[in-house]
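Chemist: Got chain R; can you put chain P on it based on the hints?
Given next are the chains, with one letter for each unit.
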Amino acid sequence: MGRIFVLIEHRKGAIRDITWEMLIKGRELALRSGGELTALLLGYQIRNLAEKLVQRADEVLVVEDEKLSNFNGEIYQRVLSKLISEYKPALTLIGHTSFGMELAGQLELPITTDCIDLCLENGALKAVRQMYTGKVNAEISFIGAPSYIVTVRPDVFPAEGQQTGRGEIKYLSLPIEEIKYKKFIEYIEPAVGEVDITRADILVSVGQGIGDKKNISMIAELSELMGGVLACSRPIVDKKWLPKERQVGLSGKTVKPKLYLAIGISGAFQHISQIKGGHIIAINKDPRAPIFGVADYGIVEDLFKIVPVLTSKLKEIKAG
Amino acid sequence: MDGEQSLTEKYELFGCIQCGRCSAGCPISLNSALNIRKLIREVTVHQVLEPIYEQGELWDCTTCSICSLRCPRGLKPHEVLISIRSILAEEGNVPATVRDALEETFKHGNPYGQIRSKRFEWATDLKIKNFSQGDRAEILYFVGCAPSYDPRLQEVSRALVKTFTQAEVNFGILGNEENCCGNEIRRMGEEGLFEMLRADNIKLFHNHEIRHIVTTSSHCYNTFKNEYKDDSFKAEHYTIFVAELIQKGKLSFSKEIKKVVTYQDPCFLGKQNGVYEEPRFILRSIPGITFVDFERCRERSLCCEGGGGRMWIDASDSGQRLGEVRIREAIALGAEIIATACPFCLLNLEDAVTTIGLADKIQVRDIIELVAEAI
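Protein sequences appear in the order of chains R and P.
Oh and the first sequence: position 315 is 329 in our numbering, straight run, nothing missing.
Oh and the second sequence: position 257 is 1093 in our numbering, straight run, nothing missing.
Excised from the complex, chain R in its bound form (with noise of 0.2 Å):
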């Protein structure tokens, strides 16, 4: 196999983990097939960037053009089909994001998508991806084109590994046409301190026993030293002890943790039907709160307790 590229995904200034991912899954090909890896960074005033990269690839090709500075399918489609045209790499990857999806099926080459696996079989690549919602992983092998596009899902191969790159940066000047159709709008950020918490392994949840806004704190302190993240249950939001966002349950959200540390929370049906899978643990003073139904591990006793026992604790810990 002859060249390999990777595309560079970055937003705002940072390279998105994606890149890492496809960089050491590329490097893996690279070194099987005798080949070479080259990232190529599309973007304007990136040249921060191209330093991190060149310690992971063998080349940096990087296109600098104001057109560039934020992602728009239209310009990279075009600016990728003459690089590839004019490197013939055997095979590109990139990232199967909403960035990624957008832009690999118009480049009119041999594709593959939302890959799990690439691995070489006597010299010839083969892809593997997931069909039947994951029931069934397809093998997909390529017949004869001199270069493919293949889609890598994110959060499949590892994003740290050796800096294996030789370090070489290439700027290229391409001229770049002026496009008509799609335009860079602006991008729309979460409200500010918008948490989720789907999708955090770590989850201290405080219902009513808690008592009083002012004792929320507490449980915050105990949830940033354990690493989780703060949820509630319905009751506290609705007295506006904590935001919506953070609430589990029927009408909230559900939640999906390694851990859910419940800090007096009764257990309402609507609320623990909601957790799914992970270990419980209850804290409450009430033995016949239902939490304690569903609980791996429960203690009965006044949350004002346990919380610094296990707060000083948990410091303790750290301090080492």
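None of these hints come from the bench; they were simulated from the model.
Accuracy of the hints is not assured; some may be wrong.
Listed below are the simulated SDA-like cross-link pairs for lysine to any residue, each with C-alpha atoms no more than 20 Å apart in a straight line [stated by the list, open to error]:
1. K954(P) x G291(R)
2. K258(R) x K998(P)
3. K253(R) x L866(P)
4. K290(R) x Q950(P)
5. K254(R) x L1194(P)
6. K1094(P) x I1198(P)
7. K66(R) x I38(R)
8. K1197(P) x I38(R)
9. K319(R) x I295(R)
10. K1095(P) x I1211(P)
11. K228(R) x T1190(P)
12. K267(R) x S1121(P)
13. K267(R) x G949(P)
14. K998(P) x S1121(P)
15. K290(R) x D936(P)
16. K81(R) x I38(R)
17. K299(R) x K329(R)
18. K267(R) x K1197(P)
19. K954(P) x P304(R)
20. K228(R) x K319(R)
21. K258(R) x R935(P)
22. K227(R) x Q1156(P)
23. K254(R) x I1192(P)
24. K258(R) x A869(P)
25. K290(R) x I1192(P)
Note that this is a predicted model, so its numbers are computed, not measured.
Modeler: Using the frame of chain R, we list chain P on its own:
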């Protein structure tokens, strides 16, 4: 546009005189931007309905039906709203929590995503006839999803079983074969899933030769009675059935409950089915109870906000929950117990009691729990 034509035609919306009786009676208007009068107007005059579909407050409606009850032209505004939701459901444009509830119902036969094989677990120690095990009985006690799985509501189901047993009712349940009735599913807009559940349930009732169904929930009762359109069986809410047991002398009380009790009319029992007397009759029959009615009672009763799929909807409304308003009204009446006859009313009112921290002043009980306590 076809959709627009059919809504206006189907619900005869040109008959609307924009008098505003619907929106004036709407309980949700206290908290939400939803204006049902305006919505009806928009549906009739707009060429394109898409902007209407974008209104998040469409999901605030509890389908309590007061708007339809108050309409002087006999129109059904709440059904128009359900139809709009079904257009949205068809497009897949529903809140994530609704989507999950619908999917869980499709997969597991209940909107909570609980395992079907555990549906009957609450009753394993109760020695009840089970149709799914080949038993036969005169009456099917249809438990319902929430009263099967929710530990708090299981107490209500147990109280019903105790009452039936005491009155020597020949009854059985469907065990793990029981399925969601679909009442809430239809109101969340999933007409197709509702029709599927209805067909499955009717087939199940026919297979077990069921002629008489008694439900825990006013929601199940409503859909069996009004939306299943099958006259091979009679559906009753337990309040109707139990009131008759008392009247016929098959159920008598041996204990007193010396409490002041008021009653929250569930919308699906009262407003939608006119069952106002039976629950009050039962409460008045229990020795010791001093019954006081809310000022807003019967068809004017304030909705608990639990219907219309609202148990699964992250509503856009803000401000005080109606359940809290209701609890404060009950306390002002001097009530020590607020009784109801609907699982969702029970949960919402009980939530409200704990949220406002009045658990030592007032209790929320299902009528049947009081009955079971007094027999």
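Chemist: Given the hint that K81(R) pairs with I38(R), test it: the Cα-Cα distance must not exceed 20 Å.
Modeler: 29 Å, violated
Chemist: Would you mind confirming whether the straight-line C-alpha gap from K258(R) to A869(P) stays at or under 20 Å?
Modeler: Holds. K258(R) to A869(P) sits at ~18 Å (cutoff 20 Å).
Chemist: Between the alpha carbons of K954(P) and P304(R), is the straight-line distance 20 Å or under?
Modeler: Holds, at roughly 17 Å.
Chemist: Check the hint pairing K227(R) with Q1156(P) against an upper bound of 20 Å on the C-alpha distance.
Modeler: Distance of about 18 Å is within 20 Å: holds.
Chemist: Taking only the CA atoms, is the gap from K254(R) to I1192(P) under or equal to 20 Å?
Modeler: Status holds; Cα separation ~13 Å.
Chemist: Please work out if K253(R) and L866(P) have their alpha carbons no farther apart than 20 Å.
Modeler: 18 Å, holds
Chemist: Between K290(R) and D936(P), does the CA-CA distance stay at or below 20 Å?
Modeler: 13 Å, holds
Chemist: With the threshold set at 20 Å, check whether the alpha-carbon distance from K267(R) to G949(P) stays at or below it.
Modeler: 14 Å, holds
Chemist: Next pair to validate is K998(P) with S1121(P); report whether the Cα-Cα distance is within 20 Å.
Modeler: Cα-Cα ~18 Å, so holds.
Chemist: Can you confirm whether the C-alpha distance between K267(R) and K1197(P) stays at or below 20 Å?
Modeler: The hint is violated at about 31 Å.
Chemist: Are the Cα positions of K228(R) and K319(R) separated by 20 Å at most?
Modeler: 16 Å, holds
Chemist: Has the given pair, K954(P) with G291(R), been kept, meaning a C-alpha gap of at most 20 Å?
Modeler: Holds, at about 17 Å.
Hints 2, 8, 12, 16, 17, 18, 25 from the earlier list are contradicted by this structure; the remaining hints agree with it.
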